[in-house]
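Protein chains in written order, with my numbering: chain A, 34 to 147; chain B, 4 to 116.
Honestly, the hints are just simulated from the structure, not real lab data. Note that the Cβ used here is the ideal one computed from N, Cα and C, for glycine as well. Check before you lean on any hint, since a few could be wrong.
[To be verified] A short list of chain A residues far from chain B (calculated; beta carbon distances all over 12 Å):
| # | residue |
| --- | --- |
| 1 | R102 |
| 2 | S106 |
| 3 | A126 |
| 4 | G141 |
[Unchecked claim] Pairs of lysine-lysine, DSSO-like flavour, derived with a Cα cap of 27 Å:
| # | chain 1 | residue 1 | chain 2 | residue 2 |
| --- | --- | --- | --- | --- |
| 5 | A | K90 | B | K73 |
| 6 | B | K115 | A | K75 |
| 7 | A | K90 | B | K29 |
| 8 | B | K72 | A | K75 |
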Amino acid sequence: EPEVTQTPSHQVTQMGQEVILRCVPISNHLYFYWYRQILGQKVEFLVSFYNNEISEKSEIFDDQFSVERPDGSNFTLKIRSTKLEDSAMYFCASRPTDSGNTIYFGEGSWLTVV
Amino acid sequence: SQQGEEDPQALSIQEGENATMNCSYKTSINNLQWYRQNSGRGLVHLILIRSNEREKHSGRLRVTLDTSKKSSSLLITASRAADTASYFCATGTLGNQGGKLIFGQGTELSVKP
Numbered sequence: 034e035p036e037v038t039q040t041p042s043h044q045v046t047q048m049g050q051e052v053i054l055r056c057v058p059i060s061n062h063l064y065f066y067w068y069r070q071i072l073g074q075k076v077e078f079l080v081s082f083y084n085n086e087i088s089e090k091s092e093i094f095d096d097q098f099s100v101e102r103p104d105g106s107n108f109t110l111k112i113r114s115t116k117l118e119d120s121a122m123y124f125c126a127s128r129p130t131d132s133g134n135t136i137y138f139g140e141g142s143w144l145t146v147v
Numbered sequence: 004s005q006q007g008e009e010d011p012q013a014l015s016i017q018e019g020e021n022a023t024m025n026c027s028y029k030t031s032i033n034n035l036q037w038y039r040q041n042s043g044r045g046l047v048h049l050i051l052i053r054s055n056e057r058e059k060h061s062g063r064l065r066v067t068l069d070t071s072k073k074s075s076s077l078l079i080t081a082s083r084a085a086d087t088a089s090y091f092c093a094t095g096t097l098g099n100q101g102g103k104l105i106f107g108q109g110t111e112l113s114v115k116p
């Protein structure tokens, strides 16, 4: 069964460094998402992406964050100048264009900022 | 905000028993989805119910939706130890122009063998 894949599964970075989290959405899906989950907390929406542009973003998704679809298969989340509070699990997700509306999530990338 | 809130926050039952988790939300939606998350893992989609549906089944899962009360329930019948996980409801208005899901706090289910 097709799945959303994310890399790396875990990354440790120094505070102030830039991080790029990568995702390969399910082929033929056209809606893409990033969510995050701070340890012990709920899953929070960051951003949605469609037709090569951001369609919606949350208050969390400030200028520190950016997303890109550099080619036909990858979808990346860049976090500039990481802070301790950016430590979380980051989930990529995708959705097909039919009326199913199910959003499929990847296994996540654990980011630890030290 | 369009937010799902689950209760109970934690539920502990014996294997073979049924587990019921509830979700309430605040605004209009066109669908509600339930996900499972094993500790430290990704979100696994369980079931989607549309706003014009009242009940849906999938294997041992039964989901109900009451849009007048803005609430949903997830019933897991004949629970197994492998059902131990966190369960989240997520509400959304998804369409051809985009949309997103908003997750609740989740219910942590523990099924004891």
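Now for the hints, and whether the structure bears them out:
1. R102: 15 Å, holds
2. S106: 19 Å, holds
3. A126: Non-interface label fails for A/A126: nearest chain B Cβ at 8 Å, not farther than 12 Å.
4. G141: 5 Å, violated
5. A/K90 with B/K73: Distance ~25 Å between A/K90 and B/K73 Cα, so the pair holds.
6. B/K115 with A/K75: At roughly 24 Å apart (the allowed maximum being 27 Å), A/K75 and B/K115 satisfy the hint.
7. A/K90 with B/K29: Measuring from Cα to Cα gives roughly 20 Å; hence the hint holds.
8. B/K72 with A/K75: 23 Å, holds
This entry does not satisfy hints 3 and 4, going by the numbered hints stated previously.
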